[in-house]
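Single-letter residue listing:
2 protein chains.
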Amino acid sequence: MNHDPRGVPLDPVDRIRFPVDPWALVETEPSRDDLGTTETLFALGNGYLGMRANPEEGRDSYAHGTFINGFHETWPIHHAEEAFGFAKVGQTIVNVPDAKTMKIYIDDEPLLLTVADLHHYRRTLDFREGELRREVVWRTPSGKRVSIRSRRMVSFTERHLALMTLEITMLEGDAPIVVSSQVLNRQDGIDEYAQRARASEEFDPRKASRFAARVLEPRGDWHSERRMILGYQTAHSGMTLAVAVDHTIETDNEVEELISTEPDIGKKVYRVQAHQGQPIVINKAVAYHNSRGVAVRELFDRCRRTLDRVRQYGFEHYRDAQRTWLDDWWAGCDVRIEGHPHLQQAVRWNLFQLAQASARADQLGIAAKGVTGSGYEGHYFWDTEAYVIPFLSHTHPGLARNALRFRVTMLPKARERAREVAQLGALFPWRTINGDEASAYYAAGTAQYHINADISYALMNYYAATGDSSFMFREGVDVLIETARLWADLGFWRTDASGGRSFHIHGVTGPDEYTTVVNNNLFTNVMARANLWSAVRVLRDMADHDPDADARVRTRLRVTDAEVEEWTACADAMVIPYDEALRVHPQDEHFLERELWDLENTPAEMRPLLLHYHPLVIYRFQVLKQADVVLALFLQGDQFDQAVKRRDFDYYDPITTGDSTLSALVQAIMAAEVGYQEMALSYFHLGLFVDLADLHDNTADGVHIASAAGVWNALVHGFGGMRDYGGHLTFDPRLPVEWPSLTFRLRSHGTLLDVRLEAERMVFTVVTGGELSVGVRGREVVVAPGDPVEVPLAGQGPVLRSLEGHHPVIGDLRADGTMITAEVPEPSAPLDEGPPRLVQEPITPSPATT
Amino acid sequence: MNHDPRGVPLDPVDRIRFPVDPWALVETEPSRDDLGTTETLFALGNGYLGMRANPEEGRDSYAHGTFINGFHETWPIHHAEEAFGFAKVGQTIVNVPDAKTMKIYIDDEPLLLTVADLHHYRRTLDFREGELRREVVWRTPSGKRVSIRSRRMVSFTERHLALMTLEITMLEGDAPIVVSSQVLNRQDGIDEYAQRARASEEFDPRKASRFAARVLEPRGDWHSERRMILGYQTAHSGMTLAVAVDHTIETDNEVEELISTEPDIGKKVYRVQAHQGQPIVINKAVAYHNSRGVAVRELFDRCRRTLDRVRQYGFEHYRDAQRTWLDDWWAGCDVRIEGHPHLQQAVRWNLFQLAQASARADQLGIAAKGVTGSGYEGHYFWDTEAYVIPFLSHTHPGLARNALRFRVTMLPKARERAREVAQLGALFPWRTINGDEASAYYAAGTAQYHINADISYALMNYYAATGDSSFMFREGVDVLIETARLWADLGFWRTDASGGRSFHIHGVTGPDEYTTVVNNNLFTNVMARANLWSAVRVLRDMADHDPDADARVRTRLRVTDAEVEEWTACADAMVIPYDEALRVHPQDEHFLERELWDLENTPAEMRPLLLHYHPLVIYRFQVLKQADVVLALFLQGDQFDQAVKRRDFDYYDPITTGDSTLSALVQAIMAAEVGYQEMALSYFHLGLFVDLADLHDNTADGVHIASAAGVWNALVHGFGGMRDYGGHLTFDPRLPVEWPSLTFRLRSHGTLLDVRLEAERMVFTVVTGGELSVGVRGREVVVAPGDPVEVPLAGQGPVLRSLEGHHPVIGDLRADGTMITAEVPEPSAPLDEGPPRLVQEPITPSPATT
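The listed protein sequences correspond, in order, to chains A and S. So in our numbering the end of the first sequence lands on 1307, straight run, no missing numbers. So in our numbering the end of the second sequence lands on 1307, straight run, no missing numbers.
For the record, the hints were derived by calculation from the structure and aren't laboratory data. Just so it is clear, CB atoms sit at the ideal spot from N, CA and C, and this is done for glycine as well. It cannot be assumed that every hint is accurate.
[As the list claims (entries may be wrong)] Here chain S is said to cover these stretches of chain A; the calculated rule only asks that three of the stretch's residues, wherever they fall, bring their Cβ under 8 angstroms from a Cβ of chain S:
| # | stretch |
| --- | --- |
| 1 | 529–540 |
| 2 | 892–898 |
| 3 | 1047–1055 |
| 4 | 1069–1076 |
[Said to hold, decoys possible] Facing chain A, a subset of chain S residues (Cβ under 8 angstroms, in silico):
| # | residue |
| --- | --- |
| 5 | A897 |
| 6 | V974 |
| 7 | H1047 |
Using the sequences plus the hints, can you model the full thing?
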């Protein structure tokens, strides 16, 4: 395997088994060794319904999984030691009855891939068709050859629907063939993951492991000649579910059909006397409907309506619609990297995952694993707001709006939670499905108050990208106001000796969970400040543009002018910790007082740290799970000057473990911005292949959706250098020297823009919509429909030598315990004394400064 | 109820129901309202075996309880969110089969106290006899009168033995009487507390609540005509238990006897045709034996031997021995307060509890509740070392040695635990029975590294009081060395700008659990420093006095000179945080940066804070659960000058909630020392009546043993002004003006000293042992056997005006957020500029300074 200068593999994927294809993920041989990973990588979903890529015949599997976004069971959280306000209600996504399985017997011999004598095998996840296909040629134990081809699709246009087709043809010899197509409550609600976790001695807090008893209680089953329906209700959360399956068969062979349903299983069995060369085609249409409480019989009817439509329109209708939907998806967000097809494939796989996670979440949240696994228990985190919504806002803003509306609907529970932690306003839960805080470890959970500001950030990001004041003024503003209230109440004022007043936020945890419960976490304070300013700004926008709406919201939420003034005062006086000696932003007020963790001498088998050290040990050191200050530098980039961004990056990069998958791509973006181009590309590769190469050893639990969004962020914000502060797109590109070009699309205020970046130029083309003014390294460029604009560039931007050797400060600290002394070499003095990095000369980037 | 000037009731006990008796706790009417409390207050125990004061007839009860020190069940701790190094094995004391119950039926009507028509009722816990007695005259529903008298004793001399006598006499009328005496595995191992906790919506982290299934598995039962034995093994910890019961009856009435045993019950039934005036006396001898793993049949034999001796010697023999044992106990530790019999009674009740908790713990620990309840799950905490051992060392040092040996035996597990948290040396568990860390909430558990230093403190305290170098050199020193190693490894060196090097300890929690995981907690650093110095000092003592032992321990523990030098260096350079502006010791490095909690405006129903606020909220403020700095000022009093003690006390007292029972008596001691005599007395009263008046509303869970020891500490150290730094007793007394005299006894290096304190003089008398030199306010006094010494005193010591108004500093902070400014009035300037408070003129105390 080839590696880049920083030791990151240039292509960590086995290309014999997974050949490069720009529009598909392809597997050419099955393996038992990484079943869990491939089940995730080839999984299908539409944001509502997800099916892991278990084989039709059922075995072998790591964990069968079919998930419905938000369909969860609740359970009382028993804390080993209880305290007031600890989260009470656990919520875990339920693995719903499996409708994927179609067992295949030839001459009464079951097909079992991992032991079968296969003449051909190919599995394809097609990013344009939105379909999983498998082709197998099997030499049966009796020496016959049979072709088995299957197609599986979870519909983007009909979110309750999944379609499967199985085509079996005897290539050599005749044989009795049995297909037993099932819908099966396989685990009686007991999750295989849970069993696995319990069985093993290890623990991994990132895995779900909750249910010890039946979760899905049968509430009726029904069948007709070609339809089966099973109904369930969860034991504690009371949610209802129905799954219905229709079958049809097309063949010239003789067929006998059987059908039956019981509480936990429905079976449609075809017994076929198959003759060589006479194909058997079985179509299986599956509908899932669920509800928070509607009676199961009503869900039965909904399922019937979904399947009746399939009968009416036929499978091809939905396959065409799927293709059309995806054409539109790719038109809105495809990113092309010239000359590196393996990167191209990986980028598209990640973007496809974003479609599968968000397309039909409709007004549910987007879970950390989308609908591809039960990792993190199917919970919604800040990942959506910090990583996914910025992508959606600028590509498919309707989906961003849906995800944001979900937070609006959680506001009443967020208000309750604020009361529980003795605050005004609203506090969104750190992790949740139903709106209740489900984080049972407050230090790295509830203490992450920054989720309030992340949600506000996403709202403002959407507002900037779309100008959708209708949504903002009617609903979004409520979130801004209630979160601003929390910040104003949570923080407190302090007067220093010289009479200066500042606003402090104590006892919170930032994104980096390797330090917790700190004072004036930089990320939190910067984001909270923006949150407060945003509330003020949107109220001002409302007063200016929609006085009626303004009056309504002020009355409804009892907003006074004094309160709005207080928010401004809090924001303006917010403490932004800065260390004058090191000239960097400490991660929190006392972060620099910690000892430095010696990452270089930490053995690989002791990583990730969280699985090998007691939290107390980790918390005692300067060591990061993931970007924290560096993320703030990106999200609130206009709040920091260029020189300090460099110094901050230099300081934090060497002590960031990247133990979280949320880290690498943010580091890629900021490495690109401050000029470490090689490093940016390395981090990009690490993020790009997180799942495709299972770099964090937990892809089996599901796709890392935030990382997938991070791939887009790294491409567009990192290499494309795009920023959108307040609705105006600007570009300061950093094209990797290895890439001939990078092309991406952006939507801004209704205009879809095609952006092509080469080393020496950028080309902007309006695809649809009206004209748009964008900034390129300080020069304004107006792009009108039908009139592409080419902007010449003078180069990739600054390219600095690598970071190695940049850390004498830290070396000093480690060697003799010296805190900081004047003789510490200044890592980036030239930047400080030179002009600001935002170049005065348009188009020409600033030179590398070291 | 009368109150003192600070609003503390002068006598919070209902004296109609609980009349004053200097040598007994007496109850004159039963009540259903406080069953749990009185079950605790009248409980019997000997440190090994404890029986709650449930009535003979079994009902009514709050919770039947019989506890054996260290007899526990283990269970896997399921953390709601797991992390590396979190405690894995829960340990909970088991409520063992109840042998107290002797059900009484007259005319087939059961006696049920709370509804019975009682002509007389008196329950007495006799501090000199070591016996619980109850006298009842009952008018039965059929109108007869019957006298029922019972006696119950848990033997101090035969720790496996409890004796009960029931005497029933028909006073009016004849009647058939049935006594069903039982030994009963009442709860099948399911603790009533647990059921109660589960049933209620409330939570209280201080209660035990663990078992959902059978804990005690029957391992055989056996009976003969007058003996019953039941055997058990715990389901998971595998501990074994046998309980055996002998019965005899003496009466002239006609008697029929039945006996039977089954796995969970043994019954001895007497059916008596009772005639008026003919007493029935039933004697019940009970033996409990347990083991970590010895077969139950072997325990059966041990029980038989215990009970056979009772048959041989008779009950009176053990009752005499009990009286003799207690005579010796009181000779060693009685404290007399003249003129206040209700205080006298309360003091003796507390001292009696110390006997009941420690007498026969032998080489087990002393649990937070002794053997009187399952509160805190029967765990051992630092309470023993910080509160109980200083009492035992100076009164009954053999018991102190036993408790310290228990820690020595835990050393191997403490070493393992240190490895788990990535440290060298040993880390003692915050709470445990079997030596494994059982604290499931690390922030207020494992993070309390100070337990290491507390144990070392207790070792040194014992060493100072006794000069027992034999124990110290052979065993104790191992603990000092391994704990010193942990401190040297846990802390780290830092060099300041001027080249000064200091030693820092980060990420720990002090005794005050209302702030957690802080840097340079004053208490921890001061105690760790002493720990390091102690290791060095004892090694030096060994080199000087026992070179062989020195060589042995250095070889065994691989101690090098360099290591010992390092300990000295760490200790000498230990950071002791001090705020120059406020001129106080911050509780931790950043404590003073916190907001001040507004205790005055916190409603009573929101106290204790821990039951009404999320930890994150509490941690954000300057508010204390219990004394932290102030405890350091006491335990390491020679490390602080008098003026700063006053300022620190002034600072912390108003922000200390006293939500922990460990707080009031420490505040009493330091209030006395710095001169707040009224306040000292108030705090003393609050501590003295913690259980007797159920001031913390949880006496039902068991006696607060550390608080009971605190009563002695407050009397001897607080009012008596005794300190023992390094084996030399000194006195700077602070007799409350309301008390004519205070008399106590102290044991030092084998000499038992009687100390009588009056306003104008102290009288020292050697009771046994050789002559002793003690210091009184700076003057050395030699007391020889047979030659009492009277030392005239000039007064009680400084008496300051009350603390109210002493907190302008804090007022400033609260009102306008000002951190600290120069214009803050200095609370105790005169003390600073005057001579040190330790008076130069012997005998005459320094005058009050304000």
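Are any of the numbered hints broken by this structure? If so, which, sorted upward? Violated: none.
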